[in-house]
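*Asks:* This is what each chain is made of:
Protein chains: 4
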Amino acid sequence: MAKKKLNVGLIGYGFMGRAHSNAYLKVNHFFDLNYQPVMKAACARKADKVKPFADNWGWQSIETDWRRLIDRKDIDLIDICSPNNTHKDIAIAAAQAGKMVLCEKPLAMNAKEGLAMTKAVEKAGVPNMVWFNYRRVPAISLAKQLIDEGRIGKVFHYRAKYLQDWTINPNVPQGGPTLWRLDIDVAGSGVTGDLLAHSIDTAIWLIGGIDKVTAMTETFVKKRPLQDDPKKTKPVGIDDACAFLARFKNGALATFESTRYARGRKNQNTFEVNGELGSIYFDLEDAHQLQYYNHKDDSHVVGWRTILVTDSDHPYMKHWWVPGCVIGYEHTFINALADFLEGLGTKNPARPNFRDALETQMVCDTVLKSAKTGVWEKV
Amino acid sequence: MAKKKLNVGLIGYGFMGRAHSNAYLKVNHFFDLNYQPVMKAACARKADKVKPFADNWGWQSIETDWRRLIDRKDIDLIDICSPNNTHKDIAIAAAQAGKMVLCEKPLAMNAKEGLAMTKAVEKAGVPNMVWFNYRRVPAISLAKQLIDEGRIGKVFHYRAKYLQDWTINPNVPQGGPTLWRLDIDVAGSGVTGDLLAHSIDTAIWLIGGIDKVTAMTETFVKKRPLQDDPKKTKPVGIDDACAFLARFKNGALATFESTRYARGRKNQNTFEVNGELGSIYFDLEDAHQLQYYNHKDDSHVVGWRTILVTDSDHPYMKHWWVPGCVIGYEHTFINALADFLEGLGTKNPARPNFRDALETQMVCDTVLKSAKTGVWEKV
Amino acid sequence: MAKKKLNVGLIGYGFMGRAHSNAYLKVNHFFDLNYQPVMKAACARKADKVKPFADNWGWQSIETDWRRLIDRKDIDLIDICSPNNTHKDIAIAAAQAGKMVLCEKPLAMNAKEGLAMTKAVEKAGVPNMVWFNYRRVPAISLAKQLIDEGRIGKVFHYRAKYLQDWTINPNVPQGGPTLWRLDIDVAGSGVTGDLLAHSIDTAIWLIGGIDKVTAMTETFVKKRPLQDDPKKTKPVGIDDACAFLARFKNGALATFESTRYARGRKNQNTFEVNGELGSIYFDLEDAHQLQYYNHKDDSHVVGWRTILVTDSDHPYMKHWWVPGCVIGYEHTFINALADFLEGLGTKNPARPNFRDALETQMVCDTVLKSAKTGVWEKV
Amino acid sequence: MAKKKLNVGLIGYGFMGRAHSNAYLKVNHFFDLNYQPVMKAACARKADKVKPFADNWGWQSIETDWRRLIDRKDIDLIDICSPNNTHKDIAIAAAQAGKMVLCEKPLAMNAKEGLAMTKAVEKAGVPNMVWFNYRRVPAISLAKQLIDEGRIGKVFHYRAKYLQDWTINPNVPQGGPTLWRLDIDVAGSGVTGDLLAHSIDTAIWLIGGIDKVTAMTETFVKKRPLQDDPKKTKPVGIDDACAFLARFKNGALATFESTRYARGRKNQNTFEVNGELGSIYFDLEDAHQLQYYNHKDDSHVVGWRTILVTDSDHPYMKHWWVPGCVIGYEHTFINALADFLEGLGTKNPARPNFRDALETQMVCDTVLKSAKTGVWEKV
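Chains as they are written, first to last, in the numbering used here: chain A, 198 to 576; chain B, 198 to 576; chain C, 198 to 576; chain D, 198 to 576.
So here's chain A without its partners, still in its complex pose (with noise of 0.2 Å):
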């Protein structure tokens, strides 16, 4: 059967911009899909920057202003991979002109700015996803398809972490082209908006709701330079760290912390779920592994399994390689856009959506009010 082409326009040229374009690259030939993506057009306000970025990953043609990428009638997707003070325009154009909306997290500055994001998508009733990627590490999956499975039980605790030390140096800009996450103009916030929405989209996937938080936050380094202009140095306004106390809506206590100044941990997100049945652990920096403990094994043997998340019968490694082969970062956003196109035209789209990313960012605006007014808040 032919696949029917999907146009894409992509924004942004940066990270997350080559991590999507080897996704459109190459997910077809890994999974039997109906839509075939074509990568028709990347985007970026520099044509200097942007076209050499197109010509690497075989983008058929630059735009330089996003609302010509928009208007263009052989774009049916747009996928926004530009800072986060862009997002809220964007989508909201992309949506009313009827194209569907791939969207980096997080969803907005805030979440005003998500909510009409939202609103845009579901009244022009377009596709939307939002790029939590590590829902799609095959061990998170597997992580919530036991929760599904009834292995756990009720949930006592989840405890989540994503710890990084790359902001230690004060010397390390902000804004600019690789660095506007350490700006609160263009980030919207520090490592709540960046690691934690990662965190609370996973813990909201896995347990459910969050009911309310109480939280603190810091900001180690005052000012920093700027990227574009080094002799100049500005006042940082993102939290380098946050962390928060927080009640699920089913009762479950939790707990959050995120930093960019935890020394020697590079990428290490993980979370725990203690239930009556069982636990689950996770680990970033060992994305192969689950560990599952199982209250009913017999009482001698019972202990922490480390599962080596590599064999076909675990989520999404049938479309890769063999048992005991790993895939690494880039295969989880291959993983998305596998879903996503597999989920066009049915019942069951691809989700995170916008409104799932919305409550995402509800609890990120919570966290970061709570910070301030040092009281718990409802989300």
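Read the hints as simulated data drawn from the structure, not as lab findings.
Mixed in with the good hints there might be a few duds.
Intra- or inter-copy, both count: the list cannot distinguish identical chains.
As the list claims (entries may be wrong) - Derived pair list, reagent style PhoX-like, types lysine-lysine, alpha-carbon separation capped at 20 Å: (1) Lys419 <-> Lys351; (2) Lys493 <-> Lys463; (3) Lys200 <-> Lys248; (4) Lys431 <-> Lys419; (5) Lys515 <-> Lys463; (6) Lys463 <-> Lys429; (7) Lys243 <-> Lys428.
Go by the hints and put chains B, C and D onto chain A.
*Replies:* This is chains B, C and D only, laid out in the frame that chain A set:
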């Protein structure tokens, strides 16, 4: 040189009574000390319980009233291993009688009691120590040493967990000889006093004082049968789980969590320190190891080091076996006792003393208060 | 600068055909190279098998006779991914036709074949390489770097294992399109050529030549059904398991072991080097890590370091994502291809070339010989 | 019930003398036994050495001639902790005197001596045991239990390592009170008798008898100073390293390796069993854990389980502390002693007895023989 005899009276014959008896029995075989404890008397209310205990461990006599024990002229040191609600009266009486006082943790039912006890031993000028035995895990002592050597630098983060899973079954009773830790009237609190007190003691020792906290607690099982009268149930007053955010006085951020509902975690007492120059991680379930990350290592070979803490240049280990041969849980008590005996009559008596333990008790009280008020509370 | 086109003809469409196709497709997106492979033709005997394969991966044409492929003027490079018993004839013909030759491992059915192939490519003067892809696991390349930097010093010991468990079930058939590795007539040997060849290649690369060996082999399942005709069985001629002791030419002692009967080990390819100054440990099931012990570390903090091999100063990693983001199995082929393309026309062409792979083949042959003679055999 | 007194005479005051003394001192405090060892006499040639040792450990008297000790009527049991070259004469004399005999491992300098010893104790009909203490690591006892429960099934593979690194420095002397293990005349062999004997004892216990072996040995440092006369050197006669391949009588394949030149391995005594139904892995450097892979687990959640061997239903652990609280190196001796005392006068005396240890000795001898002949040797 002849060793000085130190006549010990022990109160309590439970799990801790056993651990302490073992320590008195062994300490001089492994440490070269000026003092030689003499196991003079074991004391508990029921003669039929304390007699076989005393016989088994070699206590020379028994008493069934702790006041009589304190009155005995042939006793130099009172060691309190009885339930928490007995600590205050015994300790104060012992101090007033001029006895040295060792006390199991937590110091008391609450800080008010703890303060009275602390004043009593200080007024009497008697040597005193609280058995926060985990300070004497060689790997934790090594962590302290690394921090004191400046290997961690300015501390950004501290995170501690103390997880167990033995009370998930609602049929586990409360009260009685072995389960008084589940009875609020005897224990004073749940995991906060029993487990988090350890975490807090270690944290203060390693990092310094805690300034403020915000906490949540939960009691998952609302009533339990009585161990002494299994047909009756009683509401559960203790905290089954407790988590809190904290700020150290030096500005470092911290998270603490404890529970007895973490399926698969048997005695997982962990902490991590993240500083500018390095990080440390410890897990009591792998007590023979310390994880250490040294940022100064050459960048292509930097990594978390698993230090096998069994060498003669590691804390306490020269007194034990040979490299690669581990010691166990019981040795933390022996190490602590050796430190106490070594410190007697010197300018550097062993710690934590009652004053130190009072500080931990005050943090515990503040945590429990915050869990009720829902706001940040100053210690 | 315009890239030079390099027209590739691929023989074989199985698991390796897929891995190589992916490499040709991706290499220029991640590496800045003078050469651009062009996926000209895929070749296999059955058109109905190779056509959909070629379509899926973007091979521009197909051939069903490898001799025709070699005859084509528009092909610069022949890449051999077909079963072991086809390597010799194809490689020699390709070399004689002046084509560059890439060949999957093991080089040949035996050293006699391998020698003929090696002479052919050397006589023709054509670039040649054998796909011992694990050299290009970044952690293994890092191991090589540490040794070359003198961090290990005089080597005392080497121990390698390559354990799998997928043939324990006696109903797994042999022969046929996907299970020819179990058929002695097609594979030449069992785990020795398939798995130990990897271990030996790595060992020689890291430590140097092997002088002599003494070996044992076992075939646990004596006959298996035919994949192509399941009602028939055929005696199993391959070695299911093989272990040998060895001496390197430099005097170091070694143990090697491989099996497909190690329940629970999926692709556990490990090696350890013990030297005067340090040690290294690697496990392919945790391929993103290298364990390193540096004897020069201060004695109280020395320990095995877990190096997370994802930083830009680790081999290959600057071409991929960011610290903490792993690559996977498939990337070893891409890294190898990049090295091959980078080496073209330089004084340092990529290795292992056929001559190197012949050395590995000779060790394999000697191992199998010793398993029969029961005595030490010189390589 | 009153315990029966068992009067012990200990020969040797070194590291093992200390470990055994500790065992006699503690065993009745933790195990409920019919017998109560009485520490009657410690014996060594030099009174000035053995006197303080005896005083420290509470031995009631000393002897300086082991013959006198054996002559004493008040001694029931002779425990041999002196160097290997003294085992034979003492054991035979003790047996002839009708004493029970405990002997440190290895049993003897060689199998010839061992056979004479075995015949002596069997002829005398005296209880006898050899201190292969690692059988009493709870995790190793659990491994035995799992095998006996049929959880592993038909065994395909066994692999054992025993790695240390303390003799790399060529200035480490040989001979003398603490380094006699490096002196061939006193020790009989190097790592084969000291370390591999442990590995072999465990292997035979778990899997069964060994049929044949092929081995290699190496002596890296060719001469060493004398501990007692450091200006003199003596050629090193022991094996610094030894590796061998083996076949069990049941057909399973095995590899064994031991060295004191594995930088970074302090006491890494490991074994792995691979069977049809499951696998087991143990590492003495994490002695509180046993790794277990159960092939019958559901395929998407199968994985290596880390069993924390601290629960009351694990071997020996009900005698010690509570779940999550580990025991250490010294407890293996206490557990062994408890087993010995429990077995006295029953139909199931504790093992390994001298006959068992002789079998291990014969394997050791055969290994050393094969290392010389270069061929497979039958045990």
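*Asks:* If a hint holds in the structure, say so; if it does not, say that too.
*Replies:* Hint by hint, here is what the structure shows:
For the homomeric pair Lys419 and Lys351, the shortest alpha-carbon distance between copies (16 Å) is at most 20 Å, but the shortest distance inside one copy (43 Å) is not. Taking identical chains as interchangeable, the C-alpha atoms of Lys493 and Lys463 lie at most 20 Å apart only when they sit on different chains, with a minimum of 16 Å there against 35 Å within one chain. With identical chains, the CA atoms of Lys200 and Lys248 are at most 20 Å apart between copies only, with a shortest distance of 17 Å across copies and 28 Å within one. For a Cα distance limit of 20 Å, the shortest separation of Lys431 from Lys419 inside one copy, 9 Å, qualifies, whereas the shortest one across copies, 53 Å, does not.
Taking the shortest alpha-carbon separations for Lys515 and Lys463, only the inter-copy value of 15 Å comes in at or below 20 Å, while the best intra-copy value is 29 Å. Taking the shortest Cα distances, Lys463 and Lys429 never come within 20 Å of each other, neither inside one copy (28 Å) nor across copies (53 Å). Taking the shortest Cα distances, Lys243 and Lys428 never come within 20 Å of each other, neither inside one copy (23 Å) nor across copies (66 Å).
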